[in-house]
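Hey, can you work out the whole structure from these sequences and the hints?
According to my numbering, the residues represented by the sequence shown are -1 to 281, in order.
By construction, these hints were calculated from the structure, which means they are not laboratory data.
Where is the CB? At the ideal position from N, CA and C, for every residue including glycine.
No more than 30 Å apart at the CA atoms, straight line, and that leaves these computed lysine-lysine pairs for DSSO-like:
| hint | residue 1 | residue 2 |
| --- | --- | --- |
| 1 | K105 | K87 |
| 2 | K87 | K129 |
| 3 | K105 | K32 |
| 4 | K105 | K237 |
| 5 | K87 | K32 |
| 6 | K105 | K53 |
| 7 | K129 | K238 |
| 8 | K237 | K130 |
| 9 | K53 | K173 |
| 10 | K53 | K165 |
| 11 | K173 | K148 |
| 12 | K80 | K138 |
| 13 | K268 | K165 |
| 14 | K129 | K148 |
| 15 | K130 | K87 |
| 16 | K130 | K80 |
| 17 | K22 | K105 |
| 18 | K53 | K22 |
| 19 | K238 | K130 |
| 20 | K237 | K173 |
| 21 | K146 | K165 |
| 22 | K53 | K130 |
Derived CB-CB ranges, DEER-like:
| hint | residue 1 | residue 2 | range |
| --- | --- | --- | --- |
| 23 | S19 | L72 | 19 to 29 Å |
| 24 | E166 | N278 | 14 to 24 Å |
| 25 | I40 | C176 | 26 to 36 Å |
| 26 | N158 | S42 | 13 to 23 Å |
| 27 | N272 | D11 | 45 to 55 Å |
| 28 | A180 | F246 | 12 to 22 Å |
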Amino acid sequence: MIINEGFITNNIDNFETISVSTNKVYRFQQENDKYVLKVNNISSANLSPFWRGIKMVFASDFDIQRENIEDTLLRLINPHIKTAQLIFKSDTYRFQLFREAEGLSFKPDEFPNNYNIEYQLGQFIGFIHSKKYDYFGNQKIHFHAGFKEKMLSAMLETMNRYWSDSKEVKDYYTKISCFNIAPDSFSIIMTDISANQFIFNENMTSINAVIDFDGYVFGPREWELSVLEMCLQDGKAFKKGYEEYSVFPEISEYRDFYRFFMFLCEIWEKPALNSFMNRNLLF
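Printed below as a string of structure tokens:
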């Protein structure tokens, strides 16, 4: 049987539901092949603080990402980690269909404590970061100036909406607003990188594939490294792999800037500011 839009819409109620979040994710098998269906579950008018910030800074949302998924996948081709194979997409029904990547998922944000995994991840990201661009944004809309200003506007909106009663948070915003954030180049980055966007082998000793592409934009590599740092156990192996392709940047001041954006998005848990900002200082 041919798998097309009609097949998906007629049979979706019979598919196994894997998760429901920003996407409804389903799994099904047709003959000998297994597939994963991702259906966008949030409209652009109802975005979480994180995704609203991404839209403000990079003009990117789930529709933009889906419409340009082929371009993203081409730019992520590398020698170290496979990307999930796209079968087809539907902009009408807001879904993407992938062939299921073989291996195991890992639910925590933190990557397994394994030298080979961190080294392989470093090679993958170092390779991707070696490709430089003179703009930030998404696959359709490019900006050549104003990155820091867009970031501060996004942070200020989130802070005023969800943290207006915290003097500590307001003072920290004042502090980071004085930082010299002026990237001279940009790369493809996963803004929300964590272990659950990858599939691992059965022994949890290597990464089989990257499977989540919603957070990819053209942005500063220091952003991705500052977020990833919180998800690693050691960092040395990652850095070694990364430096095979790219010079590892100094991220100390950038770290606070990008982590503060991520902190502001934690509106449900509202972690302690100092603990969040100083977690896993590996780089």
